[in-house]
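From first to last, the protein sequence lines stand for chains C and A.
Numbers given in the numbering used here equal positions in the first sequence, counted from 1, plus 115.
Numbers given in the numbering used here equal positions in the second sequence, counted from 1, plus 115.
Errors might be hidden in some of the hints.
[Unchecked claim] Not the full set, but computed from the structure, chain C residues with beta-carbon under 8 Å of chain A:
{"#": "1", "residue": "S255"}
{"#": "2", "residue": "S259"}
{"#": "3", "residue": "G260"}
{"#": "4", "residue": "L261"}
{"#": "5", "residue": "L263"}
{"#": "6", "residue": "S324"}
{"#": "7", "residue": "W339"}
{"#": "8", "residue": "Y343"}
{"#": "9", "residue": "L344"}
{"#": "10", "residue": "R360"}
{"#": "11", "residue": "L368"}
{"#": "12", "residue": "D381"}
{"#": "13", "residue": "L460"}
{"#": "14", "residue": "L464"}
{"#": "15", "residue": "G465"}
{"#": "16", "residue": "V470"}
Read the hints as simulated data drawn from the structure, not as lab findings.
Think of the CB as a built atom: it goes at the ideal place given N, C-alpha and C, for glycine as much as any other residue.
The chain contents come next:
Protein chains: 2
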Amino acid sequence: MRITVVGVGLIGGSIGMAARRGGAHVVTGWDRCAAALRQAHARAAIDIAAGGLPEALAGAEIAFVAVPVGALVETVAAVLAAAPRDCVVSDVGSTKRLVCAAHDDPRFVGGHPLAGAETAGVEHARGDLFEGATWYLTPSPATSGLLLDRLFRFLRATGARPQAIEAELHDRTLAAVSHLPHVLANVLVSQAAGALGEAEQRIPATGPSFRDATRVAGAPGSVWTDIYLSNADALVEQLDATIARLEGVREALRDADRRAIVAWNDAAREDRRRLLEAGLAGEKLCELRVTVPNRPGVLAQLALGLGRGGVNIVDMALHPAPDMSEGVLAVWVGGDEDGARAQELIEGLGFPVVVA
Amino acid sequence: MRITVVGVGLIGGSIGMAARRGGAHVVTGWDRCAAALRQAHARAAIDIAAGGLPEALAGAEIAFVAVPVGALVETVAAVLAAAPRDCVVSDVGSTKRLVCAAHDDPRFVGGHPLAGAETAGVEHARGDLFEGATWYLTPSPATSGLLLDRLFRFLRATGARPQAIEAELHDRTLAAVSHLPHVLANVLVSQAAGALGEAEQRIPATGPSFRDATRVAGAPGSVWTDIYLSNADALVEQLDATIARLEGVREALRDADRRAIVAWNDAAREDRRRLLEAGLAGEKLCELRVTVPNRPGVLAQLALGLGRGGVNIVDMALHPAPDMSEGVLAVWVGGDEDGARAQELIEGLGFPVVVA
């Protein structure tokens, strides 16, 4: 199969590497940035570095547009114009309605792999980036069934889990679980920075709740501005709902309405449990909290102990005390059985532990 | 010195253990819950389990009230009534204005140690819980200098770092860096749970941004309801400001105002950097992002590698891919020098790593 990748950054480069792994595909790459194109070739993410878009797409059977969200609409149009009649064209943008609405070509299928959010650039591209990752596809009624099937089978072969979803539902969902958390993290840091100024440097060590809530604050504007703007209406809806919820909490606090505060907090506790269980690949998670001295080697000892006992750590977060001398480590493992096993193993190592 | 602890949970029990470590103090404990009192005695957190408040306070020179925030005002009143004339009385509540306003006794000093937020109960009490922890004190103009000095020196001996702050400033600051993040985490999970219902279980794996932002959601209502209510006005102020900021973002999105979105995101990025540097015990942090396969032993290998190289991990967070097969590990270490060393060590282990 002849694969073309337009935009050879982290995602485009990884698509190329995934395609080339089996040896059954020939990958042609093109990028406006000559250095990125050279690097993609040097890293063997592509077989051929094309000299331009028409050359890149000559004879292509699958073409991926892996450019920033802001450049999607025009780049997809250019690729559709240059691509052969029987070539399926897809993109990898984080929002889907705009690009899908702009192209009702039977060859076009919108796409969005949930992978690689934490880094960027072809230097981090990997052939196994999509192993097990959800890869949303947003076909339209106009989409050719034959071409969709070709794309689907290719994605399966990269290890991804392609999943069809309406562009509308995709964008609304991502607004709630990704774009809104980014906005709130930004708002939190800026507000705390204001308080920091007011307190004239007498502000305390910001606690673990603050650090957790603001880890994604200030995500690269080069990526996120386009995501926010291309999903503006869905995000505005989420902001409206958020503001309404915050106004509700504000009223309850103003009225000193204990019953309302309790009910609101209990509901959040229950919602969090449901989301943790449903959200992570359908896996039920068990959360443990371990008190540990914060010195080199302790996390290693714990992780090794769990690893030796056959328990895989799904997620973890260390909440250090302000002076870093100690901390509470939250560890998530898959399911109650692993949880019980992990508790036993950690107790065996002599650390205080509770199942949260 | 004769120390009395009223309320022998995590904090009260740890105060007792810290006091008893040196052997120079006699610790008397009392708790409304007989089982907790027995357990505190069994764990050697206290020397004497008193039969009631008057017995507990007979001859006391320092008394700590370590009960939930909602019971503070009345318990401090009862302790002041029963305590000797030259006994300093302090508390450990997370909010300070209410309890301080209620007691202008020269023997009373409000207090709030930043420690132990992640667990509860005397079974997790430890003599070194306060090592290096900031311990806010909110003396009033009425406070006896002699008694404040006694309390201060005792706290220093437990390893804590007592720091005087106005009750007003304390509560406003904590509203921004602790109480508000808890409220937003609650709001986020409830909103996403709504979206989950709407998407009829077709919602994706919720991403790392979502998990980070909601880790503290649904914190125990038994503790947090009182914290929220006792700091209601400061928290309402924070909510007002948050709502105003969200309305600003909403307007920029509605107007598709790219320049405003870029400026807002850049400001948050800068604010986060400032807070990371200023917030954690004044230490400058360096953040690294490492791509790792997500299998038992890998985190151990990394943590061990850094530990052997003398680099201490201040904080870390694993963002797994939806299928858990791999992830990006964010690691925070102290300062640029440790950062460079950590990068070198991690590269030596063969993992892709960038300094964020």
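Just to be careful: measuring from the Cβ of C/G260 to every Cβ in chain A, is the smallest value less than 8 Å? This interface hint is violated because 21 Å lies over the 8 Å limit.
Quick check on C/L368 please, does its C-beta sit within 8 Å of some C-beta on chain A? OK, holds: C/L368 within 8 Å of chain A, min 4 Å.
Tell me if the interface restraint on C/W339 is satisfied: Cβ within less than 8 Å of some Cβ in chain A. With a minimum Cβ separation of about 6 Å from chain A (threshold 8 Å), the hint on C/W339 holds.
Return the status of the interface hint for C/L261: holds when the least beta-carbon distance to chain A is below 8 Å, violated otherwise. violated (25 Å)
Against chain A, is C/L344 within 8 Å by beta-carbon distance? holds (6 Å)
Minimum beta-carbon distance criterion (8 Å), C/L263 to chain A: With a minimum Cβ separation of about 18 Å from chain A (threshold 8 Å), the hint on C/L263 is violated.
Tell me if the interface restraint on C/Y343 is satisfied: Cβ within less than 8 Å of some Cβ in chain A. holds (6 Å)
Against chain A, is C/L460 within 8 Å by beta-carbon distance? Since chain A brings no Cβ nearer than about 11 Å to C/L460, farther than 8 Å, the hint is violated.
Should the interface hint for C/S324 be scored as holding, given a Cβ-Cβ cut-off of 8 Å against chain A? OK, holds: C/S324 within 8 Å of chain A, min 4 Å.
Does the nearest C-beta of chain A fall within a distance shorter than 8 Å of the C-beta of C/R360? holds (5 Å)
Hint check, C/S255 versus chain A [nearest Cβ-Cβ separation less than 8 Å]: violated (18 Å)
Interface hint check: C/G465, Cβ to nearest Cβ on chain A, cutoff 8 Å. Holds or violated? violated (13 Å)
Of the hints listed earlier, those the structure fails to meet are numbers 1, 2, 3, 4, 5, 13, 14, 15 and 16, in rising order.
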